[in-house]
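Visitor: Chains as they are written, first to last, in this note's numbering: chain L, 1 to 162; chain C, 1001 to 1390.
Since the hints were made in silico from the structure, they are not lab data. All the pointers check out, no bait thrown in.
Every beta carbon over 12 Å from chain L, so not counted as near; a handful from chain C, in silico: (1) Thr1009; (2) Asp1013; (3) Gln1060; (4) Thr1061; (5) Glu1078; (6) Val1111; (7) Glu1122; (8) Glu1146; (9) Glu1147; (10) Asn1148; (11) Lys1164; (12) Lys1195; (13) Met1260; (14) Met1267; (15) Gly1285; (16) Leu1332.
Here are the simulated distance ranges between beta carbons: (17) L:Ile8 / C:Arg1293: 14 to 22 Å; (18) L:Gln9 / C:Gln1060: 37 to 45 Å; (19) L:Asn16 / C:Arg1049: 22 to 30 Å.
Just so it is clear, CB atoms sit at the ideal spot from N, CA and C, and this is done for glycine as well.
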Amino acid sequence: MIPMDPLIQLLTLNSNRSTAELAGILSLSEDEVRRRIAAAEADGTILGYNAVVDRQKAGQSGVTALVEVRITPEREGGFDRLAKRIAKFDQVRECFLMSGGYDLAILVEGKDLLDVANFIAEKLSTLGGVLSTATHFQLKAYKQAGFLVNAATDEERLPVSP
Amino acid sequence: MDYHNKLCTQIRDLPRSGIRDFFELVIGRSDVISLGVGEPDKSTPWPIREAVIRSLEKGQTSYTSNLGLEPLRVLISEYVEKQFRVTYDPKTEILVTVGVSEALDIAFRAVLNPGDEVIYHEPCYVSYSPSIKMAYGVPVVVETREENQFALMAADVEKAITPKTKIIALNFPTNPTGGIMPPEELEKIAALAVKHDLFVFTDEIYCELLYDNRQHKSIVEYPSMRERTVLLHGFSKAFAMTGWRLGYACAPAPLREAMMKVHQYCMLCAPIMSQIAGIEALKMGASAYEEMRQSYEMRRNIIVSRLNGMGLHCFNPGGAFYAFPEIRSTGLTSKEFALGLLEKKSVAVVPGNAFGAAGEGFVRCCYATAPDLIVKAMDLMEEFVNEVRK
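Pulled out of the complex, with its shape left as it was, chain C reads as follows (with noise of 0.2 Å):
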């Protein structure tokens, strides 16, 4: 059969994610220090898998409503109340999702015409672009840059607005370049939205993940903006909770509605274990994690430090747990130095290209890795960076 031709063609033109083909290249190899995950080195704190083994005991493997167990969207409700000082009613702004992947496609498919443009920053998590492709959106990407500290500028934002522009899409704290906002662009975007009537999706998934006694402040803040926001959230970072897949988005009712009739059909439910297992993790609240960014905070002042005297320049990022280290001065590029380090030294980082064409020059290191081990895998990375500058 000639698959190629039968394929969508919309699907079968979409790249693969940089990362899948690295993680190929890893993957069955047992001696590799890997700094190249996304996700917190620990399992979901105890209480939390206790609960849901718990509600299994008691036999609740069932579907829930569309929109979420109602105990589960009025703690989401208070919670984002407390971490961003605006509140949604959990009966019609609140929709509970399988992890913000899920929330981020469904809220594109809803709001998107075909045509319709989309502003993203770049290096970003993977699935941006083609989640707005998927809707018939158009991406258009502005680049964040170094000497920024990877924080979004609010004229590149504005030379990027045209007509046609329909969404503003943010994830501060970044992954993969742990970049922060400061909250004077964060209100320029702001006000650019308002003066050209334009949604914004904001991702806080490592809202939470913030350093040096910073407090988080979201876009959705702002005056006018929370009528045009939509705020995209789940547990997979801060509450270590991965591979639950549970996010939520909150949203004002007409949009919230749109969404959850892409959610009903494509999606029925978030699965009640993990929806129990975010009961839990609400309950628990800031105890859940704040043992964990601490340690993280640590980490990240090892491998800063680390990276910076072996002459990679790293700045200091001020969220999530990744560090973004400048790899140009060793005269390869992301990717070489990703595959010669992976060789010669088995350690596991990823080529800053794999987020978009403006992370080349770049590799993230995560560094919610024992502490150990980053010393050891930065020891490493010190031999493999002098034996090519040799």
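Bound conformation, chain L alone (with noise of 0.2 Å):
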């Protein structure tokens, strides 16, 4: 496996660093940093930036729901059109193709379950190709993109030893 670029992997550990931190720790000039960074968004290698939220404490409300798909691939371009046309609707945050007994693993969000069920009745099921859906709800979130949540902070360090 080729080893990622080093300002992407820090990146991808925490975005929010600032340029002249990042040059600090790369040993890079500012302007090397977001000239990299620039370039690594202009090519599609960096796709865009979130903050990791736990979603009870920001107050916010809503559902999400894993949707197992199962689709008819095409001649031409096998699940790729369909799966792509998919990625498109706003609800859904993820859809990957998977292996295994079905075809595409989409996550939805909704405001509630009848806003959910209503996407997938009415939009997602009724597509051409689309064959069966299998919906499940998340209950609670104990971690995510890499960090737990409600996690108890680290244990106490002495502040000074050997």
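Using the supplied hints, reconstruct the complex from the two chains, each of which is provided in its own coordinate frame.
Guide: Here it is, written out as structure tokens:
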């Protein structure tokens, strides 16, 4: 495996660092850091930036469901055309082609159960090529994007030790 | 009761660690950013902790063999062979200890007769000189210098050798300097040990934490060194396991046997929980620490460039997780600098002279700290330095 560009690796761990900080860590000039980030954004290496948020604490209502979707591959393009079409809906947060018993795993967000149910019944299931869906609602988050939710803060360390 | 006269004079006259004094100033203050620690800022990797929880559920709470659990010794043998290209027999040449501190203590006690001299280098970890004295040996200091990037010069070692010299004690990468040994000097020191028929105790506790794509080389790898070397290593630094107190010594069978006797009577065995943690750590191998090592390297780059940027000359340490900037240009002593920085800016660093007289004029800054805290601490230190220079 080719190791990831250290700058990109740093940003995947924390995209909130200042250019000056990144420059310090990597021993690069700030201009060089800015140039490389702009290039990675331009060529689609960096897709975007998100804060990883504990939704309950943020007071955000709403539900998220993992939907397993079986679809019919097409003669030309296989699953791609339909998968890309499904991914374009704003309600779809994530969309992956999977190995195993179904084809697409999609993460759907809505304001309540009915909202998600309507999306699946009206938009998703009615698309030509969609054979079936199975919907699993998320009940509680324990870990998101590599971060533990509501984790106890680290134990204390001595402030000075040999 | 007249405690002063009733205490063992040997112990009574030992100075307390300078770190201890400084610790007492810092403790109880909640607002301090500490670069004063000697350990990773992360907890032990979860798979290691999880393996121990499981062992407790199974009821693994008993004594172990004095030598340590055999599966652990087998894994240590494999790990040491991979790391140092030297083979030790898990049955006769490896002893599991309560940290490298115990391993060092029992190694000195196993070898030294009263009056025997031990050459060691300063600045160094705080326990070398006291451990030698507690074993009735005579500590002989050789200073390492900033101009040599705190490597130990064979010529300096040679000058310190007398007919009473029995051991040369090494610790590279070094706490507190981050210094490493150039192979050519290491080779010369090995030749001196052979020529004068000396033991070498090599404390390899930071050997995994090397930067700039360096490969570690230990003195034990040189010709005729295995027979005279006690290789000391442990889990604290690379595996972030300081509180488990787990280390080991590898040495030829007669030496290991002598050390085992001291260990058997004073310690019995290392705690079984820690040994189980050690088994899991060695099964994980480099995957347990490589990510941490890379992040230390990035943090080193931040701190060294900031220190030099504020006019505190700091050489680029090749290993461990300490920066050791020179603070003489501020006109302050190490202690004045550390105290002033703590009082005025609430940043804790350790005065260099806590690690021996040769550390005067320097402070130790541990960069196993979150990068944003390092940056904040450096901002505050820069303010302090500018205020002092005005």
